[in-house]
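Asker: Here's the letter readout for the chains.
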Amino acid sequence: MPPVIDPDKCIRCGKCVDTCAEDVYFGSRRKQVPRVTYPHECAYCNGCVEECPAEAIRLRVPLPMMLLYKPPA
Amino acid sequence: MRMEHLKCDVLCVGGGIGGLMAGIRAAELGAKVIVAEKGNVIHSGKSGGGCDHFLCYIPDVHGPDMNAYIEQMMTTQQAHNFQGLGMKRVRAHIAKTFDIIRLWDDWGIPTKQNGKYYFAGHAYPGGLRCLLKYEGRRQKPVLTDQARKRKVNIVNRVMIFDLLTRNGSVAGAVGIDTRTDKIIAFEAGSVILGTGGVTRLYPALTPGWLNNNATRPTLTGDGRLMAYRAGAELQDVEMRVLHVGPRYFARFGQATWVGVFRDPEGRPIGPFVTKPERLYGDITPEANKAIFRDYSKAGRGPVYMDGRGMTQEDYEDIMHWFPHEGLTPMLDHMKEEGIDHRKHPIEFMTYDQGCQGRVVTNEKGEASLKGLYAIGDELANGVSNASVFGWLCGESAVDHVKNAGVPGVTGMKEEVEERASLVHELSSRKEGADWTEVNVALQQIMHDYAGARRTEALLSAGAFHLARLKKKAYEIMRAGNRHELIRCLEVLNLIYLGEIVFQGALDRKETRGTHVRLDYPLTDSRMNGMIHVARRVNGKPITEWRAINK
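If you read the sequences in order, they're chains Y and Z. Note that the working numbering has the first sequence beginning at 1, numbered continuously upward. Note that the working numbering has the second sequence beginning at 1, numbered continuously upward.
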């Protein structure tokens with residue numbers, strides 16, 4: 001479930017924790033890799049991905065939200 | 001619980017496009033302004049992820065007759081957005097749009113392409129194009145910066161959940177800190193509600209999930225419900241809203257896609273375009289948003305957004321606008337999955353957005369409670385309307401404070417403590433139902449008893465079931481922490497809204513648009529030009545019909 005944080009890239013600045021409108025990182029501790037406490041409440045807005053100065057966050061789109069398309073003939 | 005006291009001239013509840021624009025304008029006019037936001041203004045609100053289109057009338061582009069622009073606009077989905085608002089308000093909105101666009105451009109939200117204004121999408125081929133394309137991906141950080149430059153006090157992570165009143169005027173509000181054990185009493189001369197629309201009242205796209213919505217899951221009608229509880233009027237709350245978008249990745253941005261809506265055999269399902277037309281898009285669903293659902297039900301689906309045959313310029317256009325419309329996550333997903341819109345027709349579907357409604361306001365944007373204003377989705381849908389009415393209500397709110405002053409709230413402490421007792425109850429229960437349990441129970445009642453097909457028997461039964469649920473929610477809902485407490489308060493707001501939907505739907509004894517009464521299949525023409533008003537009397541909603549203030 002989104003978002004996914006790469007702990008090796010994360011610089012523990014807390015910017016994602018500060019700016020997430022849905023507060024999915026609620027309960028994260030300062031100067032630690034943020035905890036995705038409420039992944040089911042993510043709005044997939046990409047806000048944290050955009051704000052992360054270390055490009056350490058990506059959104060994993062859950063399977064029920066998979067985009068459906070018509071296969072080429 | 002700690003109590004904090006903040007005082008201002010103008011309190012903006014919600015820091016979306018409307019709240020920030022209202023705050024900016026009120027501060028420019030010299031008011032002391034607070035914007036209180038449940039999340040963080042940087043990315044909150046329906047267009048917190050961006051937007052790429054803005055209703056904007058420019059005489060040099062559209063001609064000198066603004067009414068011709070409005071007539072064209074009202075042949076699209078905007079007719080629904082502005083239904084029941086009155087043409088005077090619509091004209092006031094459109095007349096102001098170009099001023100706002102020029103401001104935004106100055107502030108750093110790009111509104112021109114290669115030095116020119118570019119209009120595309122949501123349009124009939126050959127017709128007037130009403131929507132200006134603009135680069136709104138970073139609009140919220142830009143507006144936040146402008147608000148701070150004008151010394152607007154932005155208070156993030158506070159959910160305002162009730163208004164304080166004195167003698168028929170708004171006097172302030174009560175908010176809960178979403179992270180720490182604190183309650184905040186706001187004393188204000190004017191309050192501007194801009195908390196967005198309503199999500200989570202009806203089920204989302206994915207069964208059992210509370211969140212797969214085109215809009216944000218935390219937009220729960222907070223503003224209109226605090227207005228209602230304080231005695232203000234709401235209108236047309238029972239009217240249902242449909243939208244369309246990709247299956248199953250619920251998103252707005254229908255007109256950012258370029259292509260033709262086709263059936264499985266490749267036949268266009270609408271009469272408007274037969275090949276991708278990026279200046280217009282395929283406006284078929286704006287004639288009938290239910291059309292994709294109806295195709296599926298009739299065994300004629302799925303329906304595809306078919307971009308095959310687009311030019312390289314079309315493709316580059318899409319790639320440019322997707323991120324500005326907030327669709328970067330979808331674009332990334334398509335890349336990961338090897339989905340190419342030039343080759344792969346994408347399935348589209350009808351989204352059931354639940355109910356909309358709005359706060360009843362006069363031409364100044366003022367609600368039936370003096371000093372209270374409503375903007376954004378509390379009034380009408382869209383960034384253009386949110387920004388214009390935000391700006392205008394910022395002005396009205398300052399005028400009100402200049403004339404009436406800040407009323408002051410003697411005895412405020414007791415009132416705040418009364419609200420705090422609910423918070424304490426929800427937080428101190430050791431066992432019971434969490435907010436998701438109550439929310440799902442609410443959704444199934446709304447879906448099954450006030451859904452796509454309604455009858456007096458169903459609505460009456462549903463209203464009874466909802467009353468039982470409300471009682472139980474107050475008795476056993478529990479919050480394990482501060483975050484869950486906020487969700488609990490949101491669910492209570494949704495329950496109140498559900499009550500109004502049932503009452504409104506029972507009293508609307510006709511079929512109109514997506515409000516389908518199987519026992520009243522005809523549209524009652526006597527209700528054309530009327531609004532259906534709900535207000536709270538003795539703790540319960542009552543409704544009445546009133547002519548639109550034209």
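Quick caveat, the hints were computed from the structure, so don't treat them as lab data. One or more hints might be untrue.
Here are the simulated DSS-like pairs of lysine-lysine, each with C-alpha atoms no more than 27 Å apart in a straight line [unchecked claim]:
| id | chain 1 | residue 1 | chain 2 | residue 2 |
| --- | --- | --- | --- | --- |
| 1 | Y | 15 | Z | 149 |
| 2 | Z | 364 | Z | 343 |
| 3 | Z | 88 | Z | 471 |
| 4 | Z | 275 | Z | 182 |
| 5 | Z | 471 | Z | 540 |
| 6 | Y | 15 | Y | 31 |
| 7 | Z | 32 | Z | 182 |
| 8 | Z | 540 | Y | 70 |
| 9 | Z | 149 | Z | 402 |
| 10 | Z | 182 | Z | 96 |
| 11 | Z | 112 | Y | 70 |
| 12 | Z | 182 | Y | 15 |
| 13 | Z | 343 | Y | 70 |
| 14 | Y | 9 | Z | 471 |
| 15 | Z | 364 | Z | 96 |
| 16 | Z | 182 | Y | 31 |
| 17 | Z | 472 | Y | 70 |
| 18 | Y | 15 | Z | 151 |
Here the structure is a predicted model, which is why all the values come from computation and not from measurement.
Asker: Please go over all the hints and tell whether each is borne out by the structure.
Answerer: Going down the list of hints, with the structure as the test:
1. Only pairs whose Cα atoms come within 27 Å are accepted, and residue 15 of chain Y paired with residue 149 of chain Z is accepted, the gap being roughly 21 Å.
2. Between residue 364 of chain Z and residue 343 of chain Z the CA atoms are separated by roughly 50 Å; this puts the pair beyond 27 Å, and the hint is violated.
3. A C-alpha spacing of about 42 Å is found between residue 88 of chain Z and residue 471 of chain Z, which places the hinted pair above 27 Å, so the restraint is violated.
4. Between residue 275 of chain Z and residue 182 of chain Z, the direct Cα distance comes to roughly 58 Å. Violation of the 27 Å bound is thereby established for this hinted pair.
5. For the hint pairing residue 471 of chain Z with residue 540 of chain Z, the CA-to-CA distance comes to about 14 Å; that is within 27 Å, so the pair holds.
6. About 11 Å separates the Cα atoms of residue 15 of chain Y and residue 31 of chain Y, which keeps this hinted pair within 27 Å; it holds.
7. Distance hint between residue 32 of chain Z and residue 182 of chain Z is fulfilled; the C-alpha atoms sit about 23 Å from each other, no more than 27 Å.
8. A hinted pair counts as satisfied when its Cα atoms are at most 27 Å apart, and residue 540 of chain Z with residue 70 of chain Y does not qualify at roughly 50 Å.
9. In summary, the hint linking residue 149 of chain Z to residue 402 of chain Z is supported, as the alpha carbons are separated by about 23 Å, within the 27 Å threshold.
10. Using a Cα cut-off of 27 Å, the hinted pair residue 182 of chain Z and residue 96 of chain Z is violated, with the two alpha carbons roughly 40 Å apart.
11. Taking the CA atoms of residue 112 of chain Z and residue 70 of chain Y, the gap is about 35 Å. The hint is violated against a cut of 27 Å.
12. With a C-alpha separation of about 23 Å, the suggested pair residue 182 of chain Z and residue 15 of chain Y falls inside the 27 Å cut-off, and the hint holds.
13. At roughly 9 Å between alpha-carbon atoms, residue 343 of chain Z and residue 70 of chain Y fall within 27 Å of each other, so this suggested pair holds.
14. Between residue 9 of chain Y and residue 471 of chain Z the alpha-carbon distance is near 48 Å, which puts this suggested pair outside the 27 Å criterion.
15. Restraint check for residue 364 of chain Z and residue 96 of chain Z: the C-alpha separation of about 14 Å stays at or below 27 Å, so the hint holds.
16. Annotation: proposed proximity of residue 182 of chain Z to residue 31 of chain Y holds, straight-line Cα distance about 24 Å (limit 27 Å).
17. Between the alpha carbons of residue 472 of chain Z and residue 70 of chain Y the distance comes to roughly 46 Å, so the proposed pair goes past 27 Å and is violated.
18. Note on residue 15 of chain Y and residue 151 of chain Z: the hinted pairing holds, with a Cα-Cα distance of about 22 Å set against a maximum of 27 Å.
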